[in-house]
Amino acid sequence: MARLIEKHSKKAGLPPGTLIHIGEKKVESVRITVIDYDEQNFQEKQVSNIEECFQFKTAPTVTWINIDGIHHVDIIEKLGRQFELHPLILEDILNTGQRPKFEDFNDYIFIVLKILTYDEQKETIQAEQASLVLGPNFVISFQESIGHVFEQIRSRIRNGKGRIRKMPSDYLAYALIDAIVDNYFIILEKLGEKIESLQEQLVTKPTEETLQQIHNLKREMMSLRKSVWPLRELLSGLQRAESSLINESTAIYMQDVYGHTIQIIDTIESFRDMVSGMLDIYLSSISNKMNAVMKVLTMIATLFIPLTFIAGIYGMNFRYMPELERRWAYPAVLLLMVAIAVGMLVYFRKKKWL
Amino acid sequence: MARLIEKHSKKAGLPPGTLIHIGEKKVESVRITVIDYDEQNFQEKQVSNIEECFQFKTAPTVTWINIDGIHHVDIIEKLGRQFELHPLILEDILNTGQRPKFEDFNDYIFIVLKILTYDEQKETIQAEQASLVLGPNFVISFQESIGHVFEQIRSRIRNGKGRIRKMPSDYLAYALIDAIVDNYFIILEKLGEKIESLQEQLVTKPTEETLQQIHNLKREMMSLRKSVWPLRELLSGLQRAESSLINESTAIYMQDVYGHTIQIIDTIESFRDMVSGMLDIYLSSISNKMNAVMKVLTMIATLFIPLTFIAGIYGMNFRYMPELERRWAYPAVLLLMVAIAVGMLVYFRKKKWL
Amino acid sequence: MARLIEKHSKKAGLPPGTLIHIGEKKVESVRITVIDYDEQNFQEKQVSNIEECFQFKTAPTVTWINIDGIHHVDIIEKLGRQFELHPLILEDILNTGQRPKFEDFNDYIFIVLKILTYDEQKETIQAEQASLVLGPNFVISFQESIGHVFEQIRSRIRNGKGRIRKMPSDYLAYALIDAIVDNYFIILEKLGEKIESLQEQLVTKPTEETLQQIHNLKREMMSLRKSVWPLRELLSGLQRAESSLINESTAIYMQDVYGHTIQIIDTIESFRDMVSGMLDIYLSSISNKMNAVMKVLTMIATLFIPLTFIAGIYGMNFRYMPELERRWAYPAVLLLMVAIAVGMLVYFRKKKWL
Amino acid sequence: MARLIEKHSKKAGLPPGTLIHIGEKKVESVRITVIDYDEQNFQEKQVSNIEECFQFKTAPTVTWINIDGIHHVDIIEKLGRQFELHPLILEDILNTGQRPKFEDFNDYIFIVLKILTYDEQKETIQAEQASLVLGPNFVISFQESIGHVFEQIRSRIRNGKGRIRKMPSDYLAYALIDAIVDNYFIILEKLGEKIESLQEQLVTKPTEETLQQIHNLKREMMSLRKSVWPLRELLSGLQRAESSLINESTAIYMQDVYGHTIQIIDTIESFRDMVSGMLDIYLSSISNKMNAVMKVLTMIATLFIPLTFIAGIYGMNFRYMPELERRWAYPAVLLLMVAIAVGMLVYFRKKKWL
Amino acid sequence: MARLIEKHSKKAGLPPGTLIHIGEKKVESVRITVIDYDEQNFQEKQVSNIEECFQFKTAPTVTWINIDGIHHVDIIEKLGRQFELHPLILEDILNTGQRPKFEDFNDYIFIVLKILTYDEQKETIQAEQASLVLGPNFVISFQESIGHVFEQIRSRIRNGKGRIRKMPSDYLAYALIDAIVDNYFIILEKLGEKIESLQEQLVTKPTEETLQQIHNLKREMMSLRKSVWPLRELLSGLQRAESSLINESTAIYMQDVYGHTIQIIDTIESFRDMVSGMLDIYLSSISNKMNAVMKVLTMIATLFIPLTFIAGIYGMNFRYMPELERRWAYPAVLLLMVAIAVGMLVYFRKKKWL
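Chains as they are written, first to last, in this note's numbering: chain L, 1 to 354; chain W, 1 to 354; chain D, 1 to 354; chain F, 1 to 354; chain X, 1 to 354.
Bound-form chain L, shown alone:
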């Protein structure tokens, strides 16, 4: 996280709208794909030159230009000039530290989201920025790497499944947002599993590593929250936006994604509560174990210290200790010791310390 910020400082002081890529370079070469469709027609191609997309700008069909990899500043710049995007938008696309948000520029709507993937190796959530530009008959999407989140939408368009081919560009934008949000449920599942396994571990054998894992989980939740919370505002904003770009029939679908977002936020909050509950349980179970150990020490020490003292008394070397000479003295002292031990045990049990 500190790394993200470090990069941001590269820009401090430069004029606004200066195009610099801020973020990790996640793919080697940029992949540009264009899908152009209406109810009857369908065309899909991968272009190596951004100029090949420009013809679609004025076509009556819906055009989806997807760009995987945003480190080639000049591609973004050319595209921006052709589609007349505001320099600040291009800057935001290139700067991967954006917060999810949307901005309405009358001619087009700009949306920033986070695509989350769960890195099984590192056991962390990876966030990647996705930017969408929704125009009257086109959608341009930008991803940091070649992801699979949009794959099913591509195949739905190809096969004409669902209503996507019959609907205008705003429905495509909705479908992309929906795909990203649906993907969050998979992340939640992973976290849910991790919580469950940690809960079991907590009952059976809590170790110091368990604590570390609980704290990691907490941090993951925190970063997840950061990606999801602003979505709420974003989606309710999109619905309320009086933009001619969003049709009423699509607004109802936006409402649906909004519902999912609320559900995800609810689940995250529950998870947070559970994790902090786990922390409490961990801490009290550790201190319980400690207490049990201490109690045993106390019992044994309290039992033997007086006995040892008595043994010490009769280990003294005074010449005139009349008891030492008696035949019955040794067994008597042993008996006394047993009596004291038994007495203390009874006392402990009465006090409910045993």
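Please note that a few of the clues may not be correct.
Pairs count within a copy or across copies, as identical chains cannot be separated in the list.
Computed list of lysine-lysine pairs in DSSO-like fashion (alpha-carbon distance at most 30 Å, straight line) [said to hold, decoys possible]:
#, residue 1, residue 2
1, K218, K190
2, K352, K45
3, K218, K122
4, K218, K25
5, K57, K78
6, K194, K350
7, K194, K351
8, K190, K122
9, K352, K194
10, K218, K26
11, K352, K218
12, K25, K161
13, K101, K57
14, K295, K352
15, K194, K289
16, K350, K289
17, K25, K101
18, K161, K78
19, K190, K101
20, K78, K101
21, K122, K25
22, K351, K295
Think of the hints as simulated: they come from the structure by calculation, not from any bench.
Start from chain L and add chains W, D, F and X according to the hints.
Below, chains W, D, F and X without anything else, positioned relative to chain L:
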């Protein structure tokens, strides 16, 4: 909880409006019952074929179609097509992970609620989704299993008790919501009893299991809250909704359920406060007990350690230890020991450690 | 608290407006008193039959009907029918688990409040429900038992003291609310005294019972809060309500009670802060005491363990231990022991452990 | 604090507008001063009889009547009658438990504030109530005692310094409020110094008394907050109030005081954070010290207990213990002991316990 | 922090608008620079006399007057008189304890911000006040010392880089605000690095100093927050302000800075969460270490205390102790001791204490 989410991911990427049942299958076969009534007439039947209900759609009487079991996707689908329900609504009915909410579609209002039951064996609250569709002269309700929450309403309609037979469909919808909310009070009672019994246990003999139970209770409360909180918004929304489907005379009843919801939320919040108070008491009582034990150890150790040292001194085997030869030495040392012990006890008492 | 809820469940499933008394029966017989007055006239009587009150409904004078004891459902019912009260209101009057609220029914305003009394024996706050119905020329008040909160208002009306006889019915309603709210200050005083005495106890000799009392106090505060918080909304609502029943000259008095409520809420919040501060002080004072005890143990043990070891050395029975034979050995060892003890004490003092 | 409330109960049940002084009597005799001025004229006198002020009511000049000491109910009453103040206002002036607030009565505005002074002896903040009545050409101010907060304003009027002589009565009211708020900064400084000295104490030698002082500080902050928070609302209300009594040119000054109030609130919040941070540091430093002590005990005990055991072995009196007869046995055992001790110390160091 | 307030009290009681410098004097002499430009022309000079700037007031070009050092009250005063600034604004410029805010005076807008710099030596964040006055064709900026935050803007204007030379004065104001906000990212980076290094330290070797550093970090965060939080309100206010001074084309840039501010606030909140997480980890790691140490003590003490007791028994000097005479007794006792030790170790391992 993690399970719910796991299922949701089955849908990730599918087009919106795809009908898939998400949730546990809670009953074997689907039960469909139809009740049709107005002030004079009453008709009740259980149908095996969903098509039998379709005739009631245009009837001037109030029709209540209740469907127990939602895993037969095609029943829901047929019903939806006949009553012209939006595909997203059908999707929500089938997906049991919904949050309580209402949506106004002009021709009908869609409401999602949670029916809660207390599982005595597992000592947990079971949540089941109930969906209502309120149309101009019909109410369709969906439950996951054959529940008894609506039984009393059925008998009130049958017997013409109360004003239900004289009122339009929105009053029926209100009655169903009221039945579900009234049922929450029973859950609250169970929790209240559990809290009381735990409080007693806390005073008499707190064990580690008590802690576990407090944490369980906390979790139950959390899940209860998740079902009830959104109700507040839902009901105040229903009142404010400028829908022609909700008459003014019913709105006052909605206000009444709203009042109950606020009362339930208040009680849950009190319970939460009490449970976290119990946690504090538990923790401090455990540490108090521990401290009492430790204090005894300290007393005994502090008392005997110096005495044992003295005994150790006179256990040394030096040849020239003049005291050892004196007749009065042994009793003198014993007296010294007693003096030291008494002195320490007096000191302890003065310091208020005893 | 759990008891209240238990009773509520008796009603689950019954049609709304069903009149059942929910709550403890606090008086044996119901007492009905009627006070009828205007600037010149005054009439007060206790009636045994509710019908005797009905004549006052249309009288131009202000009529105050006070009913102590609400377990006789039919009295409430008859009164309701005569004064045309909505069944849901009658239900609320009978159900003592209401939250303070007001409802405006155009022809009359319905207000629910809590009368609090401090039970000196049990050291708890007892809450009792008071319901007010304010009509154009009457006020009907319901109490669970024969309370003394309204006594001074009665005498003010009798003696024509203050402006009450010159004012319409809304001023009477205000006077009743004011009496109830003023009474809260007495409760606050009791709590204030308890906090003060606990604070003293905390400084002089905190026991485990102190902790219990702090927790009780916390709970009392919680229940007090539950009665007072909704009042804020209630009173600001009454002021803003565009009801013809509340005259402008009375609104300014409502504003005054509102001010008192804010003051009470502020005081409760301060008390809460103080009580949680006390909890912190208690816990740290307990742990400080424990630490002091432990320190003494540590000192004594640390001091004597090495000395005892030395004594142990010279208590060994090896044949060839040359030191044992020397005359100076015994005093030398004693001196060594003293030196070690002094050394350790100096070390402790340097480390500021003493 | 409990005392304040105790007094309030004296009034419970009395009709509203009954004039009773609630609060401590802080001065012996009431001092009434009148200052009357416009740009050219200036007149100042101390009157012994409240009637002497009445002539100024209709004068075109600005009149400031200041009353120090509010326990003479009849003075307040006469003044109120003459200036046509609402009885509830007179009641509020006399009842010193008011919360800062303002009320707009069209003909005049009523403002309640708290003057704070720091009692160096008791190390507590003393709050005193100041009430202002702002009329078209007069300001009446009430204080509980003869304070010095307004002294500089008097001299500014006398000397015609600043713009005060040129401005109408609302500017005078502003000046009084500003003086009171500016005075809060002095209190903040005192608290700031106390925090600084406590922080130093915390680092050098935290004692149990430090804890007590931190808690006191916390309580002071709490009471300070209670006086300042409502000011925010009060001042933003005064600005927004559409009263003809407050001119636009004065509103900008009110905005300025508002800014100061926000600054004061910010500082209080920072202080609160710092104090609770100090509490954390105190507690962990105490427990660190304890831990250091315990560690030494553990080290010494762990070191010597095994050695003492070995000494115990060879202190046994068995007849057949062959080692005892060997010449090398004693030095060998001593060597063994040293070896064990060194081994343990190495182990401890490796485990980083030393 | 306490220092800041101390200074403020110098002003208590003075008439508003009295010009006194409140704050540290950070530079020796005041530096005044004037930059005057439009698309074609550019002029930059450092003036020693504030009167030299006055000619630019009415020039059609954009003029930026920058004043480094605000302790020369008369410079500010002359400038204020010439540019017709309200006395309260001049007061705010001189008083460095302001909270970030903006005020719209129709003819000009007044903005207060904080420039933050990270002091590497003291490891603290230094805040310096920057005030901006935006007029129709001029911007006047005030800084406490000669800072480098605005350097890049100067060079952009000089070189005609970006769109700054083509835009009116509000864009210049925006550029200054943007520079200040961008600078916050550098502070965040420093904190991020510090957090990372502390996190590492926490895992490898947490010391008491680590705790101190965590608390320092917390305090830094608190002060950072105090500077940044009000910015949010400030910037959204500037956008909404219906001032003719801010053009629509600039408003979109303001929106952009607003976005950065939200991002910074988010990051601060994450940092706060992380720091409090670190505190938890620190405390539990310290207590874990302590527990590990205590456990060893317990083990060793529990193991040896009974054995020492047995040795004590056979160290007693009774004449008639038959065992002492047997040949096999000594080895038998040694074996018994080994058996007890092994038994206890097995028991400990079974109880999972080892």
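Each hint, compared with the structure:
1. Taking the closest pair of Cα atoms, K218 and K190 come within 30 Å of each other both inside a single copy (14 Å) and across two copies (24 Å).
2. Taking identical chains as interchangeable, the C-alpha atoms of K352 and K45 are never at most 30 Å apart, the minima being 79 Å within one chain and 64 Å between chains.
3. For a Cα distance limit of 30 Å, the shortest separation of K218 from K122 qualifies both inside one copy, at 15 Å, and across copies, at 28 Å.
4. Taking the shortest alpha-carbon separations for K218 and K25, only the intra-copy value of 28 Å comes in at or below 30 Å, while the best inter-copy value is 33 Å.
5. Taking identical chains as interchangeable, the C-alpha atoms of K57 and K78 lie at most 30 Å apart only when both belong to the same chain, with a minimum of 13 Å there against 42 Å between chains.
6. Within a single copy, K194 and K350 get their C-alpha atoms only as close as 44 Å, which misses the 30 Å cut-off; across copies the closest is 29 Å, which meets it.
7. For a Cα distance limit of 30 Å, the shortest separation of K194 from K351 across copies, 28 Å, qualifies, whereas the shortest one inside one copy, 42 Å, does not.
8. In this homomeric assembly, K190 and K122 come within 30 Å of each other (Cα to Cα) both inside a single copy, at 13 Å, and across copies, at 26 Å.
9. For the homomeric pair K352 and K194, the shortest alpha-carbon distance between copies (25 Å) is at most 30 Å, but the shortest distance inside one copy (39 Å) is not.
10. In this homomeric assembly, K218 and K26 come within 30 Å of each other (Cα to Cα) only inside a single copy, at 26 Å, whereas the closest approach across copies is 34 Å.
11. For the homomeric pair K352 and K218, the shortest alpha-carbon distance between copies (28 Å) is at most 30 Å, but the shortest distance inside one copy (38 Å) is not.
12. Taking identical chains as interchangeable, the C-alpha atoms of K25 and K161 lie at most 30 Å apart only when they sit on different chains, with a minimum of 28 Å there against 35 Å within one chain.
13. Taking identical chains as interchangeable, the C-alpha atoms of K101 and K57 lie at most 30 Å apart only when both belong to the same chain, with a minimum of 24 Å there against 40 Å between chains.
14. In the homo-oligomer, the alpha carbons of K295 and K352 lie at most 30 Å apart both inside one protomer (12 Å) and across protomers (15 Å), since each shortest distance falls under that limit.
15. Taking CA atoms no more than 30 Å apart as the test, K194 paired with K289 passes in both settings, with 24 Å inside one copy and 27 Å between copies.
16. With identical chains, the CA atoms of K350 and K289 are at most 30 Å apart both within one copy (22 Å) and between copies (14 Å).
17. In this assembly of identical chains, K25 and K101 lie within 30 Å of each other by CA distance solely inside one copy; the values are 23 Å within and 39 Å between copies.
18. For the homomeric pair K161 and K78, the shortest alpha-carbon distance between copies (20 Å) is at most 30 Å, but the shortest distance inside one copy (33 Å) is not.
19. Proximity of K190 and K101 under a CA criterion of 30 Å is satisfied in both settings, with 26 Å inside one chain copy and 27 Å between copies.
20. With identical chains, the CA atoms of K78 and K101 are at most 30 Å apart within one copy only, with a shortest distance of 24 Å there and 39 Å across copies.
21. Proximity of K122 to K25 under the C-alpha cut-off of 30 Å is restricted to the intra-copy arrangement: shortest distance 19 Å within a copy versus 36 Å between copies.
22. Taking the closest pair of Cα atoms, K351 and K295 come within 30 Å of each other both inside a single copy (13 Å) and across two copies (13 Å).
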